[in-house]
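K.L.:
Listed below, chain by chain, are the residues.
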Amino acid sequence: MAKTAPRQVLQKNLTGIKGFDEISLGGLPRNRTTLVMGGPGTGKSVFALQTLVSAASKHKQPGIFVAFEENIDAIFANTAAFDWRLSTLARNRLFFMNAQLSPAFIATGDFDLGGMLAMLEAKQLEIGAQWVVFDGIDVLLSLLRTPRAKMREIYRLRDWLTRRELTSVITSKIDGGGDGTDSTNYGFMQFMVDCVVRFDRRMEQGIPVRRLEISKYRGSSFAPGEFPLSFGPHGMAVASPGATDIAQEATSERVSTGFAGLDEMLGGGLFRGSSTLITGAPGTSKTTLAGLFTESACQRGERTLFVSFDEGGERVRRNLKSVGIQLDAHMKSGLLQMYSGRTDSVNPEEHLIRIATLISQHKPRCMVIDPLSAISRTGALSSARAIGNRLIYKLRDHHITAVITALVEGNNASAEATELQISTIADNWIQLSYLVCGGERNRALTIVKSRGTRHSNQVRELVLSDTGLALSDVYSSGGEVLMGTLRWEKEAEERARAVLRETESSLKRRELQFAEADTSARIAALQLDLERQRAALELNTKNDAARHVSSGEQLTELRRLRGANGDHAVTTLPQRRAGKTRRPGGNGHGPERARRG
Amino acid sequence: MADKRKKKSAGKDAVTVVVMRLYVAGRAPNSIKAIANLEAICRQHLKDGYKLEIVDVCEHPRRALDDGVLVTPSLAKLSPTPGANIIGNLGDTSSVLAALGLPTTGP
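Going line by line, the protein sequences match chains Y and C. Positions in the first sequence are counted from 1; adding 147 to them yields our numbering. Positions in the second sequence are counted from 1; adding 392 to them yields our numbering.
In isolation and in its complexed conformation, chain Y is listed as follows (with noise of 0.2 angstroms):
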């Protein structure tokens, strides 16, 4: 090989594995080896195999599936599940060929693979196959008897390889019952190929959990540590982190939940893309909050999925339509999707690639999940925390607005943080609860925290009517909530007092406007008597002024008349005042008026 080949960038070929080659950073590296490595049953056939199907399928790249361990008919028959279309494909793109060595073979000395490698070669040139799986390596391998011999062949295989340009799977079983010298070829293959991953498959919690780890990489970062995988419709999916770019846009629209007492409660709904969690007892109306939102996300246009665990899509029909949320017929005009899924036999991370397997295809804005604590009932609870951390993501990433309920069992302040602890990722949280009070048993909603949202604090009663869900104002007397009968006992106390409050005030109010009246009319009068007063005050200053100048002018005249003749001036004095009140009248009214008065 040339000296610059590892100098220049390493070239990666997709596998088309979902998550796969996102946490290879892009592949498998082209035209070199990769090994398989794990135990029975632990899905690394289907990885070698599906990476040879969806580089035939998508990017039309011929390769050859060497099967040691297996028949290709028994293959064929393990992937019938999966949509590859293999006996097409092994028309014209891939080449199956059998390799198994039956018991019948007698092995009577060394020999070696120089003879399956002409074979695979002639192959390769017919079909133009630029990738070949080795499957189950290990099976050949142990054939040979001497170390020496594994490792020249070994050596052998990787030449060939390298020679021929293939981009390679070897897989290879490994389980603790090999002896010494095979793990010394395990180790020595490891060194060999350019990229490691490990399967591994463990019981936990009754279930199957299986996971792949690339533990090597040669010339090329990867995503280290431990990933779930589980098989789907297309073959396998691995649950790979996803996106960690965490800015995500911000929203301030507002989603109704449904229910306007809650989007009230809310400050105007729930906002789109946020996720919110239910946490309650068993028959706190979970399902009904959700079916709420269900409903009125359809009504609204927007497609929706409800994913129900240990229910049927039927069954959860039929209750909804019992407090009157219909949706049947969202369901036969496709905007509605529902997925049921036991939770007590599949594990919960095939459950995650199956959700994410529906967002992919139903595209849903609004999404339900009830209640998604089923899924920590089966496997470890590390595992199904995960799982609910990662599901939340998916969907925020979708910028789906999700109600998700999760139960709670008994009423104890920790169990509110639910058991998955998903609690502290969703954006709101709503607890329903029974309040215990006066011998009944009472729903109390509560919303614990809301994101970005001036909230109500209050705890609000649940009441389930025929007429669906209505939100009460509870009362708190002595610190003490009431609720139910106590709240309606409180609630006509209260109305009797109020009737009583009304018609006191009412009296009062009549007895205020009596008084005002009354003040008002005694200013009225004293207003008037003010007025006359000063008329009177007025007039009087006025006489005197009169009767200050005629007694000037009587003075003057009487000297007058006293000088020539008195008589005649006594008479001219009330003439002069006549003509004086007669002057404003005018106009000839005068006398008439006069007459009238």
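There could be a bad hint or two in this list.
[Stated by the list, open to error] In silico DSBU-like links for lysine-lysine, alpha-carbon gap of 35 angstroms or less:
#: 1; chain 1: Y; residue 1: K637; chain 2: Y; residue 2: K510
#: 2; chain 1: Y; residue 1: K270; chain 2: C; residue 2: K425
#: 3; chain 1: Y; residue 1: K468; chain 2: Y; residue 2: K363
#: 4; chain 1: Y; residue 1: K541; chain 2: Y; residue 2: K205
#: 5; chain 1: Y; residue 1: K159; chain 2: Y; residue 2: K207
#: 6; chain 1: C; residue 1: K439; chain 2: Y; residue 2: K270
[Stated by the list, open to error] Distance ranges between label pairs, derived from CB positions:
#: 7; chain 1: C; residue 1: G418; chain 2: Y; residue 2: H509; range: 56 to 64 angstroms
#: 8; chain 1: C; residue 1: I424; chain 2: Y; residue 2: A224; range: 24 to 32 angstroms
#: 9; chain 1: C; residue 1: R455; chain 2: Y; residue 2: A296; range: 38 to 46 angstroms
#: 10; chain 1: Y; residue 1: F335; chain 2: C; residue 2: L470; range: 36 to 44 angstroms
#: 11; chain 1: Y; residue 1: P371; chain 2: C; residue 2: P474; range: 24 to 32 angstroms
#: 12; chain 1: C; residue 1: R455; chain 2: Y; residue 2: N178; range: 34 to 42 angstroms
#: 13; chain 1: C; residue 1: R455; chain 2: Y; residue 2: V156; range: 37 to 45 angstroms
#: 14; chain 1: Y; residue 1: T309; chain 2: C; residue 2: T473; range: 28 to 36 angstroms
#: 15; chain 1: Y; residue 1: A224; chain 2: C; residue 2: L470; range: 39 to 47 angstroms
#: 16; chain 1: C; residue 1: I424; chain 2: Y; residue 2: P371; range: 44 to 52 angstroms
#: 17; chain 1: Y; residue 1: G173; chain 2: C; residue 2: I424; range: 43 to 51 angstroms
#: 18; chain 1: C; residue 1: D440; chain 2: Y; residue 2: R299; range: 33 to 41 angstroms
#: 19; chain 1: Y; residue 1: N178; chain 2: C; residue 2: D440; range: 51 to 59 angstroms
#: 20; chain 1: C; residue 1: I424; chain 2: Y; residue 2: R349; range: 32 to 40 angstroms
None of these hints come from the bench; they were simulated from the model. By construction, the Cβ of each residue, glycine as well, lies at the ideal position given by its N, Cα and C atoms.
Since the structure of chain Y is provided, determine the placement of chain C on it from the hints.
P.N.:
For chain C alone, kept in the frame of chain Y given last:
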């Protein structure tokens, strides 16, 4: 190297003619050994007559593929029944004879 070689014991048409086919990979050491070992066995133990075809898979890969050959060297006993498949350089004479269904009574 010669890809096909046919050998027949001289003269008589034996009652039990063993028909065999040996697949080899060019001049690979194990293949050369296998040819030598098999020829020695035939000389010593198949005096009645045998028929051997040697196929070099490097030259006839398609044929080997069709015949279901995996590793080399590999010997197939075609007749008489029961057939047998023997892999390896045939260094262990007694097990080769046993596999071919021949008495191991040799010199």
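K.L.:
All hints, please: hold or fail.
P.N.:
Status of each hint after checking the structure:
no.	hint	in the structure
1	K637/Y <-> K510/Y	violated (49 angstroms)
2	K270/Y <-> K425/C	holds (27 angstroms)
3	K468/Y <-> K363/Y	violated (55 angstroms)
4	K541/Y <-> K205/Y	holds (26 angstroms)
5	K159/Y <-> K207/Y	holds (16 angstroms)
6	K439/C <-> K270/Y	violated (40 angstroms)
7	G418/C <-> H509/Y: 56 to 64 angstroms	holds (58 angstroms)
8	I424/C <-> A224/Y: 24 to 32 angstroms	violated (41 angstroms)
9	R455/C <-> A296/Y: 38 to 46 angstroms	violated (26 angstroms)
10	F335/Y <-> L470/C: 36 to 44 angstroms	holds (38 angstroms)
11	P371/Y <-> P474/C: 24 to 32 angstroms	violated (55 angstroms)
12	R455/C <-> N178/Y: 34 to 42 angstroms	violated (29 angstroms)
13	R455/C <-> V156/Y: 37 to 45 angstroms	holds (42 angstroms)
14	T309/Y <-> T473/C: 28 to 36 angstroms	violated (44 angstroms)
15	A224/Y <-> L470/C: 39 to 47 angstroms	violated (31 angstroms)
16	I424/C <-> P371/Y: 44 to 52 angstroms	holds (49 angstroms)
17	G173/Y <-> I424/C: 43 to 51 angstroms	holds (45 angstroms)
18	D440/C <-> R299/Y: 33 to 41 angstroms	holds (38 angstroms)
19	N178/Y <-> D440/C: 51 to 59 angstroms	holds (53 angstroms)
20	I424/C <-> R349/Y: 32 to 40 angstroms	violated (49 angstroms)
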